[in-house]
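Engineer: Dock chain B against the given chain A, drawing on the hints supplied.
Okay, here's what each chain looks like letter by letter:
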Amino acid sequence: MSERAGRNGGGAVLELHDLSVRIPVSGGRWVEAVGGVTLTVGSAEIVGLVGESGCGKSTLGGAIMGLLPGGSRVAGEVLLRGQDLRGLAEEDYRRIRGDDIALVSQDPSASLDPTFPVGAQVAEAIRNHRDVSRRAARERAVELLRVVGIPDPGARYADPPHRFSGGMKQRVVIAAALANDPAVLIADEPTTALDVTIQAQILHLLRDLTVRSGTGVLLITHDLGVVAQVCDRVAVMYAGQVVEQGTVREVFAHPSHPYTRALLESQPAAHHRSGDLPVIPGRVPDLSEPPAGCRFAARCPRAHDRCAAPPPEIRTAGGGRVSCWLHHDTAREAR
Amino acid sequence: MTGLLDVRGVVVTFPAPGAGPRRRRVHALSGVDLSMRRGQTHGLVGESGSGKSTLARCVLGLQRPDEGSVVFDGTEIVGLRGKALREVRRRIQPVFQDPLGSLDPRWTVGRSVRESLDAFGVGSALDRERRVKELLDLVGLSPDHADRHPSQLSGGQRQRVGIAAALASGPDLIVADEPVSALDVSVQAQILNLVSRLRRDLGVAVLFVSHDLGVVEHVSQEVSVMYLGRIVETGSREELFAEPVHPYTRALLDAIPVPEPDARLVHVPLPGDIPSPIDPPRGCRFHPRCSLRVDACSRERPPLRPVTAAHHVACPVALQARSQAGTAPVEH
Numbered sequence: 000m001s002e003r004a005g006r007n008g009g010g011a012v013l014e015l016h017d018l019s020v021r022i023p024v025s026g027g028r029w030v031e032a033v034g035g036v037t038l039t040v041g042s043a044e045i046v047g048l049v050g051e052s053g054c055g056k057s058t059l060g061g062a063i064m065g066l067l068p069g070g071s072r073v074a075g076e077v078l079l080r081g082q083d084l085r086g087l088a089e090e091d092y093r094r095i096r097g098d099d100i101a102l103v104s105q106d107p108s109a110s111l112d113p114t115f116p117v118g119a120q121v122a123e124a125i126r127n128h129r130d131v132s133r134r135a136a137r138e139r140a141v142e143l144l145r146v147v148g149i150p151d152p153g154a155r156y157a158d159p160p161h162r163f164s165g166g167m168k169q170r171v172v173i174a175a176a177l178a179n180d181p182a183v184l185i186a187d188e189p190t191t192a193l194d195v196t197i198q199a200q201i202l203h204l205l206r207d208l209t210v211r212s213g214t215g216v217l218l219i220t221h222d223l224g225v226v227a228q229v230c231d232r233v234a235v236m237y238a239g240q241v242v243e244q245g246t247v248r249e250v251f252a253h254p255s256h257p258y259t260r261a262l263l264e265s266q267p268a269a270h271h272r273s274g275d276l277p278v279i280p281g282r283v284p285d286l287s288e289p290p291a292g293c294r295f296a297a298r299c300p301r302a303h304d305r306c307a308a309p310p311p312e313i314r315t316a317g318g319g320r321v322s323c324w325l326h327h328d329t330a331r332e333a334r
Numbered sequence: 000m001t002g003l004l005d006v007r008g009v010v011v012t013f014p015a016p017g018a019g020p021r022r023r024r025v026h027a028l029s030g031v032d033l034s035m036r037r038g039q040t041h042g043l044v045g046e047s048g049s050g051k052s053t054l055a056r057c058v059l060g061l062q063r064p065d066e067g068s069v070v071f072d073g074t075e076i077v078g079l080r081g082k083a084l085r086e087v088r089r090r091i092q093p094v095f096q097d098p099l100g101s102l103d104p105r106w107t108v109g110r111s112v113r114e115s116l117d118a119f120g121v122g123s124a125l126d127r128e129r130r131v132k133e134l135l136d137l138v139g140l141s142p143d144h145a146d147r148h149p150s151q152l153s154g155g156q157r158q159r160v161g162i163a164a165a166l167a168s169g170p171d172l173i174v175a176d177e178p179v180s181a182l183d184v185s186v187q188a189q190i191l192n193l194v195s196r197l198r199r200d201l202g203v204a205v206l207f208v209s210h211d212l213g214v215v216e217h218v219s220q221e222v223s224v225m226y227l228g229r230i231v232e233t234g235s236r237e238e239l240f241a242e243p244v245h246p247y248t249r250a251l252l253d254a255i256p257v258p259e260p261d262a263r264l265v266h267v268p269l270p271g272d273i274p275s276p277i278d279p280p281r282g283c284r285f286h287p288r289c290s291l292r293v294d295a296c297s298r299e300r301p302p303l304r305p306v307t308a309a310h311h312v313a314c315p316v317a318l319q320a321r322s323q324a325g326t327a328p329v330e331h
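Taken in order, these protein sequences are the chains called A and B. Mapping to numbering that gives the first Met the number 0: the first sequence position 64 is 63, numbers consecutive. Mapping to numbering that gives the first Met the number 0: the second sequence position 235 is 234, numbers consecutive.
Since the hints were made in silico from the structure, they are not lab data. Honestly, I wouldn't trust all of these hints.
As the list claims (entries may be wrong) - Here are the in silico distance ranges between beta carbons for each label pair:
| no. | chain 1 | residue 1 | chain 2 | residue 2 | range |
| --- | --- | --- | --- | --- | --- |
| 1 | B | G73 | A | A157 | 54 to 62 angstroms |
| 2 | B | D117 | A | G53 | 32 to 40 angstroms |
| 3 | B | D200 | A | R260 | 27 to 35 angstroms |
| 4 | B | D200 | A | P280 | 49 to 57 angstroms |
Unchecked claim - Partial list, computed: chain A residues near chain B (C-beta under 10 angstroms):
| no. | residue |
| --- | --- |
| 5 | S52 |
| 6 | D112 |
| 7 | G165 |
| 8 | G166 |
| 9 | M167 |
| 10 | L193 |
| 11 | D194 |
| 12 | I197 |
| 13 | A199 |
| 14 | H203 |
| 15 | V225 |
| 16 | V226 |
| 17 | Q228 |
| 18 | F251 |
| 19 | L276 |
| 20 | P277 |
Keep in mind that this is a model prediction, so the values were computed, not measured. Glycine included, each C-beta is placed from N, C-alpha and C at the ideal position.
Bound-form chain A, shown alone (with noise of 0.2 angstroms):
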């Protein structure tokens, strides 16, 4: 454990202080997957870290989780309960994931091995971390496998996952990443491969079982509206950076920064009639030459001379963050 353990007053249990993450791609070139993120998660807390595909958030994820391509450079701080997980060797890496740091990834079927019972990989999930005995921990795993709802848990222990529909198999693996009480949990596109109605029961669990054991989620998605329905705080990420963060309530009611406000405005769901949908014109900036200024400058219906330099990061009205010139100045204004 670090001297910083406990300096947020024992409520963060994550905490990235400036991490960038670069991947080597072909022609001995990098790309900036990640460029200075800086995040916290509080203990029973729900971060959505939300943003289109390519803006970063899932290599941002494998970096929490140890978990990123070979030959990957991270600079920065990942600190777990105040502990630096950044350069911890494998072994360590495999001893705390599962353990205090789990991952809920988009697909069951590939988190899940298909040829042993379910039952029993919760059952391993716990005794790969607790010198239990075999019969503890299949007690446990059956009482796990009620909580998640899985409608007679005793008899289907000893089921393969292919008896199982989409949404009862991520509900496994929820009951195998909580169960050790993990002090932060990774959840990637958790309900994207799911319909609509099996979605809302998977977040409201994963909501009540978390709030529950205190741990602390970072949920990643697409989905703006994922977010509002069971997170705390949001960060938006594009091209790698965090634009904008805060409360879900001040940001999807006030977004700050300009890429915000277009994604919540090219949201159907959120426009009610019909009509032109606003468009964000051209494409994302390529990472292996990012601009030096603000990275959505060239696609920003208020970019301006002074976004060729990096934007600073505001505080807003709301206690929230915005890197945006356009915020620069009201904060002046307002001095």
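Structural biologist: Chain B alone, transformed into the frame defined by chain A:
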């Protein structure tokens, strides 16, 4: 406006995976009716196993129903062959979810679009070259996109090519199956705007199949909600979204994640799993998950009944509750 498409009593079953003499069947569609007018966008929404894609394939003539009829502009297309089938195919064109699957990766964009013109013998060779450029322009691509290959395009650009190829033969109806599901929201918005423009400017009717009620609400004038092989509610966009009657439609609307500050998920809108279409529930297929269920629901199939002239629902219980609340249903 006159009818363009009239689907009546369509039934489709498939052999269930596995083998054996008593192989069970997947009940994909179990008696579906659907009508579309010219120049109208009809949204078809449902979750896994609802049969929405199978219905789209029946309309495209790619799936032959076990029973029922599909009448397109006065012509029965079930069992159609040869020249007559080719003519119907020219007038009903598909747009799929993943344009990479429908575009030949070795062909340039221009060739893919021209293929459709060639196949249906539209105009002279020179006309076709000109038409390709016009079509690319129509879908918001520049003329030099014609020389590129699908792998050189973004997902949104590929879907524009898919739409240009569908428009090439001058269809009256486009059947679009989840055309924006693989796209990011900012790109999705561009394609939805394009679909709306096709109807407005070209008068092409669109059967728009999607699992996303928000998207369907945005592009459609009429909406049908499917559940396990049947349509449970159908009506004008305005009525269906303002006053959904079927308990499934209501739950589906409740479950949609809406990006607004007050859209918290406070309760589970619909408990239970979607039953298997191999052995669907008897009576009303939604009854095992329904909060309004009465005894009759597990015995009798509820017919679609009018709520108003422009709105029908297959739930006598909800209809009765509604009429007792003061609004009498319209009798035909």
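Engineer: Does each hint hold? Answer for all of them.
Structural biologist: Here is how each hint holds up against the structure:
Look at G73 of chain B against A157 of chain A: about 58 angstroms separates their beta carbons, and that is inside 54 to 62 angstroms. Checked against the given bound of 32 to 40 angstroms, the beta carbons of D117 of chain B and G53 of chain A, roughly 36 angstroms apart, stay inside it. At roughly 29 angstroms, the beta-carbon separation of D200 of chain B and R260 of chain A lies within the given 27 to 35 angstroms, and the hint holds. At roughly 21 angstroms, the beta carbons of D200 of chain B and P280 of chain A sit outside the given window of 49 to 57 angstroms.
Evaluation of the S52 of chain A hint against chain B yields a held restraint, the C-beta minimum of about 6 angstroms falling below 10 angstroms. A hinted interface residue such as D112 of chain A counts as satisfied when its beta carbon comes closer than 10 angstroms to some beta carbon of chain B; here the least separation is about 21 angstroms, so the hint is violated. For G165 of chain A, the interface hint holds, the least distance from its beta-carbon to any beta-carbon of chain B being 8 angstroms, beneath 10 angstroms. The closest approach between the C-beta of G166 of chain A and any C-beta of chain B is roughly 6 angstroms, which is under the 10 angstroms cut-off, so the hint is satisfied.
Here the hint on M167 of chain A is kept, as its CB sits about 7 angstroms from the closest CB of chain B, short of 10 angstroms. Hint status for L193 of chain A: holds, given a least beta-carbon distance of 9 angstroms to chain B, under 10 angstroms. Among the interface hints, the one on D194 of chain A holds; its C-beta lies about 4 angstroms from the nearest C-beta in chain B, closer than the 10 angstroms criterion. Hint status for I197 of chain A: holds, given a least beta-carbon distance of 7 angstroms to chain B, under 10 angstroms.
Contact between A199 of chain A and chain B, as hinted, is supported at the beta carbon level, the nearest pair being about 4 angstroms apart and thus within 10 angstroms. Evaluation of the H203 of chain A hint against chain B yields a held restraint, the C-beta minimum of about 5 angstroms falling below 10 angstroms. The interface hint given for V225 of chain A is met, as the beta carbon of that residue sits about 5 angstroms from the closest beta carbon of chain B, less than 10 angstroms. The closest approach between the C-beta of V226 of chain A and any C-beta of chain B is roughly 7 angstroms, which is under the 10 angstroms cut-off, so the hint is satisfied.
With a cut of 10 angstroms, the hint placing Q228 of chain A at the interface with chain B holds, because the nearest CB-to-CB distance is about 4 angstroms. For F251 of chain A, the interface hint holds, since its Cβ comes within 10 angstroms of a Cβ in chain B; the closest pair sits about 4 angstroms apart. Annotation: L276 of chain A was flagged as interfacial toward chain B, and the flag holds, the nearest CB pair being 4 angstroms apart, inside 10 angstroms. Look at P277 of chain A: its Cβ gets to within about 7 angstroms of chain B, closer than 10 angstroms, so that hint holds up.
Checked against the numbered hints given earlier, this structure breaks hints 4 and 6; the rest are met.
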